[in-house]
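J.: Chain residues, written in single-letter form:
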Amino acid sequence: MKKIMNAADTLVEDMLAGYVSAEHDRVAISKEHPRVLYKKQKKTGKVGIVSGGGSGHEPLFFGLLGENLVDSVAIGNLFAAPTPNAVLAAIKEADQGAGVICLFGNYAGDVLNFDMGVELADFEEITALNLPIADDVASADQRHQSERRGIAGDLFVLKEVAAAAAKGYSLEACYQIGLAANSRTFSLGVGIEPGTNPINGKKNFELAANEIEFGLGIHGEPGIEKMPLVSAHKLVGKMMARLLLELQDYAEQELLVCVNGLGATTMMELYIVNKEVSQLLQQAGYHVSDTVVDSICTTQEMAGFSITLHVLNEELKELYQMEAFSSCYFHKEVDQ
Amino acid sequence: MKKIMNAADTLVEDMLAGYVSAEHDRVAISKEHPRVLYKKQKKTGKVGIVSGGGSGHEPLFFGLLGENLVDSVAIGNLFAAPTPNAVLAAIKEADQGAGVICLFGNYAGDVLNFDMGVELADFEEITALNLPIADDVASADQRHQSERRGIAGDLFVLKEVAAAAAKGYSLEACYQIGLAANSRTFSLGVGIEPGTNPINGKKNFELAANEIEFGLGIHGEPGIEKMPLVSAHKLVGKMMARLLLELQDYAEQELLVCVNGLGATTMMELYIVNKEVSQLLQQAGYHVSDTVVDSICTTQEMAGFSITLHVLNEELKELYQMEAFSSCYFHKEVDQ
Amino acid sequence: MKTLTVQEAHGMLKKIANEWINHEEQLGEIDRKIGDGDHGIGMANGARAILQNVTETDEKNLANLFKQAGMAMMESMGGASGVIFSALFLGVAKAAKKQEVLTVEVLASGMENAVKEIKQRGKAAVGDKTMLDALVPASEALSADHSRDFVSALAIAREKAAEGVEQTKRYPAKHGRSKFLGERAIGFQDAGATSVALMCQAMYDYVKEEEK
Amino acid sequence: MKTLTVQEAHGMLKKIANEWINHEEQLGEIDRKIGDGDHGIGMANGARAILQNVTETDEKNLANLFKQAGMAMMESMGGASGVIFSALFLGVAKAAKKQEVLTVEVLASGMENAVKEIKQRGKAAVGDKTMLDALVPASEALSADHSRDFVSALAIAREKAAEGVEQTKRYPAKHGRSKFLGERAIGFQDAGATSVALMCQAMYDYVKEEEK
Ligand SMILES: Nc1ncnc2c1ncn2[C@@H]1O[C@H](COP(=O)(O)OP(=O)(O)O)[C@@H](O)[C@H]1O
Ligand SMILES: Nc1ncnc2c1ncn2[C@@H]1O[C@H](COP(=O)(O)OP(=O)(O)O)[C@@H](O)[C@H]1O
Ligand SMILES: [Mg+2]
Ligand SMILES: [Mg+2]
Ligand SMILES: [Mg+2]
Ligand SMILES: [Mg+2]
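Chains as they are written, first to last, in the working numbering: chain A, 1 to 336; chain B, 1 to 336; chain C, 1 to 212; chain D, 1 to 212.
Hints were generated in silico from the structure; no laboratory data involved.
Be aware that one or more of the hints could be misleading.
[Stated by the list, open to error] Part of the chain C face toward chain A, derived, beta carbon under 7 Å:
| # | residue |
| --- | --- |
| 1 | V83 |
| 2 | R121 |
| 3 | E140 |
| 4 | A144 |
| 5 | R148 |
| 6 | V151 |
| 7 | E183 |
| 8 | G187 |
[To be verified] Result set (BS3-like, lysine-lysine): computed pairs, CA atoms no more than 30 Å apart in a straight line:
| # | chain 1 | residue 1 | chain 2 | residue 2 |
| --- | --- | --- | --- | --- |
| 9 | B | K31 | A | K40 |
| 10 | B | K226 | A | K2 |
| 11 | C | K174 | A | K203 |
| 12 | C | K33 | C | K60 |
| 13 | B | K226 | A | K317 |
| 14 | D | K208 | B | K203 |
| 15 | C | K14 | A | K202 |
| 16 | B | K202 | D | K14 |
| 17 | B | K31 | B | K43 |
| 18 | B | K234 | D | K33 |
| 19 | B | K238 | A | K202 |
| 20 | A | K42 | B | K226 |
| 21 | B | K202 | D | K174 |
| 22 | A | K226 | B | K31 |
| 23 | B | K42 | A | K332 |
| 24 | A | K332 | B | K332 |
| 25 | C | K174 | C | K33 |
[Said to hold, decoys possible] Chain B regions said to be covered by chain A (calculated; three or more residues, Cβ under 8 Å):
| # | region |
| --- | --- |
| 26 | 13-20 |
| 27 | 53-59 |
| 28 | 225-232 |
| 29 | 265-272 |
| 30 | 298-308 |
Every residue, glycine too, gets a C-beta built ideally from N, C-alpha and C.
Work the whole structure out from these sequences, hints included.
T.: Pasting the structure below:
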């Protein structure tokens with residue numbers, strides 16, 4: 001394994017220290033817990049926004065700490081959900097008197113630990129609600145939508161809930177926004193080459209020389225099927241056919257799109273993917289309000305990407321339009 | 001080779017089409033030349049800012065098209081400088097009546113083509129000046145600073161010259177800012193694993209299992225020496241020792257820092273590197289005004305990174321503080 | 001052997017921890033097949049935390065010993081197994097309240113607590129391809145035991161746990177990271193169940209050796 | 001063979017282009033050693049542009065033929081070699097102005113133009129490990145030739161170019177991407193010089209075959 005690091009047992013702490021040095025005017029490490037980071041600037045009275053999850057997916061989750069975005073994050077070991085105490089500390093850091101919403105990918109480990117964290121917060125008289133994000137259509141069918149795992153769709157749900165909080169919506173209103181945003185978010189990924197676990201040097205899956213994994217999860221969990229690598233045109237066609245099925249129930253034709261790289265996939269490839277995505281959406285009569293092409297939700301240097309479609313409605317659109325920025329993401333409307 | 005693409009001969013065009021679809025409210029492809037992109041919103045009377053270079057380094061160069069940043073870019077084939085005609089078209093798109101500055105990495109191919117482009121612009125009565133960026137200390141010693149090749153340091157030089165242009169500085173004043181910024185920018189990179197050329201599927205260099213290339217160029221050109229992979233602490237120590245030598249001549253103690261990933265290196269690793277960088281700078285008595293940790297100047301899915309130190313002075317600092325944003329970069333000061 | 005002192009129970013905990021550490025590699029490989037490959041790292045982390053943080057400050061406080069073990073795992077591991085395996089030891093801690101020595105009865109009722117808590121938290125049942133497939137039969141074997149002798153009770157428990165692991169190969173996954181695989185998970189054993197079986201084996205080995 | 005018609009000169013250009021295309025792989029390998037590995041792709045691109053865009057619209061206009069070749073390379077290639085190899089053909093085009101047929105004299109003076117232009121643009125000299133190390137001796141051989149016969153003149157030119165390529169192995173690089181290697185470039189031949197030698201070989205092969 002060729003990773004730039006010091007030692008396995010300081011991996012996460014070294015990373016967090018380097019992140020906080022880079023962003024020290026904006027973020028800090030919590031005094032309550034070494035695996036919790038928070039945004040320094042606070043507004044009293046707004047709903048607090050917590051996110052978090054295992055390490056190894058950088059820039060998620062701490063990359064979204066920022067203006068009109070996330071207030072605090074709880075960080076776990078590599079690919080492991082944060083502990084209940086870390087969640088509790090993050091909830092405390094985010095609390096600004098109006099309750100807290102925790103947004104994280106819908107994985108057993110995260111749900112278990114955030115659930116316990118919320119119980120602990122309850123002892124301290126802080127109301128916190130969990131909102132596991134479930135966007136990966138490869139992981140469960142439409143009837144079991146809420147059981148899906150969370151991948152890059154996190155970004156849009158987080159952005160909109162955080163905007164609602166920034167605008168002063170109540171805890172319940174923010175939570176409803178989150179449910180709506182989550183139910184309107186659909187992602188599908190493919191894995192092309194494995195990533196390496198920096199702790200033990202192991203690749204996270206195996207694929208033959210010309211083979212890809214269709215519907216893979218962001219931890220390298222196997223997906224729907226293995227298939228040969230085909231052209232971007234064909235591959236994206238196949239992915240979009242699956243994703244567009246999910247959009248049938250919505251009257252709205254306005255979307256947000258995210259083409260997310262999983263680590264080693266180049267921006268060149270991601271833009272080529274986006275060319276195919278945008279052509280297909282145009283043909284299908286959809287209007288794309290905003291497109292994010294980046295590697296935000298990664299799995300070490302895994303190669304592959306996911307496509308996320310998020311169906312807007314009037315309210316979500318207005319929330320999405322709010323200016324927001326963090327170390328890895330910003331949104332600003334262009335004056336035209 | 002496992003790349004998500006359609007065909008070698010549409011590689012660059014597919015990528016540009018996908019980028020423009022994603023950013024269509026901000027950028028467009030020039031009607032003058034299919035390899036030229038420009039920022040839609042123009043201010044009359046300001047100095048135009050052109051950048052460009054070979055494809056394959058995404059998000060550079062088009063990723064810097066944006067507000068108070070680059071006005072137009074000329075894009076070449078994979079790893080090949082853009083043609084003189086493309087440079088000419090980019091100059092025309094950037095021209096807003098006050099002359100144009102072209103900023104690009106200092107490579108023979110880029111210099112040759114931008115020189116011809118500027119000559120062609122001269123026929124059309126547009127004054128354009130070339131400013132090849134030369135920040136890679138591995139490529140020439142201090143006495144030959146202007147012969148160094150350009151790597152991730154592009155970002156800071158571009159940012160400051162573009163801010164000068166946005167503030168209405170004259171062509172000559174912008175050019176002087178560029179010279180000063182360029183001479184105060186020092187980078188050093190290491191290569192860890194090769195990237196793959198998407199045209200012919202070849203890896204761009206070879207390294208043994210535990211070997212890294214110290215001082216490698218962003219095209220995978222060999223550097224100063226091959227050495228074994230050591231801890232982040234030791235490696236960054238060695239790199240910083242070399243970089244700090246360059247800072248000795250400056251009275252100023254205020255710096256910008258960029259830790260740039262070359263493609264497959266994870267954000268986790270880049271932050272670990274930054275931890276070491278910031279500790280060493282603090283020990284050496286420097287103050288870091290801003291730190292960029294990202295993969296902005298890449299070479300396909302090559303693994304490796306570079307460290308850039310940029311010495312500010314009062315004027316450069318003020319210019320750097322100007323708000324700016326593009327698809328891959330933004331700068332915004334925090335109100336404290 | 002009918003009772004274990006706090007010191008002996010501590011010895012058993014160390015044995016379990018070392019068993020997990022020794023199988024880090026193997027547990028990782030199992031998880032890599034249908035999960036994210038980190039189960040070995042996680043269990044070894046938790047085990048090292050047990051070795052470091054569990055102390056017999058109070059020779060009479062059996063509950064505290066298991067509570068320390070549970071909290072050590074909860075604070076060091078994270079992930080699904082952090083909550084679940086800490087719930088296991090916390091369940092035993094609950095049953096050990098006010099006890100000065102560990103008996104098969106206390107252990108059995110602790111395991112029952114744990115099963116209840118884990119089912120409630122994780123919403124999984126036997127047959128869902130989780131650690132419950134090993135824990136539930138092992139727990140039932142302990143509860144059903146009439147010998148009240150550690151060696152014979154644990155001999156059956158460890159057998160039942162191992163059988164449970166074998167069973168998991170036959171199930172599609174319904175919980176945890178591999179649940180998304182559905183039928184594709186069939187043929188592979190569950191990582192967490194394997195850790196339970198290792199724990200039962202370590203407990204058996206410990207009492208067997210102590211008896212000599 | 002003392003003259004080439006526009007049609008024959010076109011045939012020679014096609015021969016050169018195909019020679020480059022056939023060596024795409026090899027030129028890439030050479031550049032990969034001390035550069036960025038794209039010289040083969042670049043030359044093959046330029047060559048394909050020549051094959052596609054050079055047309056003998058005017059049978060009497062020799063200059064236009066070479067100008068088309070130069071412009072085709074300039075517009076398709078980019079990179080260092082785009083400017084440099086287009087300068088090569090544009091230099092010949094300049095010498096061919098108002099000529100109806102190509103002679104050794106015209107070719108020689110065209111090469112001289114090219115050498116001058118390339119030196120001025122690229123600021124390299126012989127011994128700097130660039131294509132000039134092959135082009136300059138080839139050009140000098142053509143100028144010094146008294147036979148005025150293509151076959152014998154190009155036989156020497158191609159030999160000198162090939163020798164020039166061998167020489168480049170001995171030099172550290174001072175220009176182009178490999179210049180940053182300094183002494184580490186010693187032992188490796190220059191990619192652009194190799195392309196020049198291939199061009200000379202193709203010209204020789206063409207006239208040799210035509211003569212039969
Ligand atoms: N809902 C659940 N109930 C019981 N056990 C579970 C549940 N979800 C997961 N597990 C257990 O956790 C194990 C995986 O643990 P581990 O790999 O450490 O965590 P993660 O899944 O977060 O990577 C599985 O093999 C399974 O036995
Ligand atoms: N300044 C120069 N003068 C003459 N030839 C040069 C110069 N710089 C580079 N070359 C030639 O260009 C060749 C490299 O071409 P190529 O690989 O296509 O371009 P790039 O260097 O832009 O990747 C070198 O082998 C060398 O012969
Ligand atoms: Mg995990
Ligand atoms: Mg090149
Ligand atoms: Mg796991
Ligand atoms: Mg080259």
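J.: Taking 30 Å as the top limit, are the C-alpha atoms of K234 of chain B and K33 of chain D close enough?
T.: Roughly 28 Å between the alpha carbons, so the hint for K234 of chain B and K33 of chain D holds.
J.: Within 30 Å, alpha carbon to alpha carbon, are K226 of chain B and K2 of chain A?
T.: With Cα atoms ~14 Å apart, K226 of chain B and K2 of chain A stay inside 30 Å; holds.
J.: Interface hint check: G187 of chain C, Cβ to nearest Cβ on chain A, cutoff 7 Å. Holds or violated?
T.: violated, 12 Å
J.: Measuring from the C-beta of R121 of chain C to each C-beta in chain A, is the shortest one below 7 Å?
T.: Since chain A brings a Cβ to about 6 Å from R121 of chain C, closer than 7 Å, the hint holds.
J.: Take the C-alpha atoms of K42 of chain A and K226 of chain B, compute the straight-line distance between them, and say whether it is at most 30 Å.
T.: Judged against 30 Å, a Cα distance of about 48 Å means the pair is violated.
J.: When you check the alpha-carbon spacing of K226 of chain A and K31 of chain B, does it fall within 30 Å?
T.: violated, 42 Å
J.: Restraint: R148 of chain C near chain A, CB-CB cut 7 Å. Satisfied or not?
T.: With a closest approach of 34 Å, the R148 of chain C hint is violated.
J.: Has the given pair, K174 of chain C with K33 of chain C, been kept, meaning a C-alpha gap of at most 30 Å?
T.: holds, 16 Å
J.: Starting from K202 of chain B, check that the Cα of K14 of chain D is at most 30 Å away, please.
T.: Roughly 28 Å between the alpha carbons, so the hint for K202 of chain B and K14 of chain D holds.
J.: Given a cut of 7 Å on the nearest C-beta pair, is the interface hint for V151 of chain C held or broken against chain A?
T.: violated, 34 Å
J.: With a C-beta cutoff of 8 Å, work out whether three or more residues of the region 13-20 of chain B approach chain A closely enough for the coverage to hold.
T.: holds (count 6)
J.: Regarding the hint that A144 of chain C lies at the interface with chain A, is the smallest CB-CB distance below 7 Å?
T.: Status violated, d = 29 Å.
In terms of the numbered hints stated before, the structure departs from hints 3, 4, 5, 6, 7, 8, 9, 12, 13, 14, 20, 22, listed from lowest to highest.
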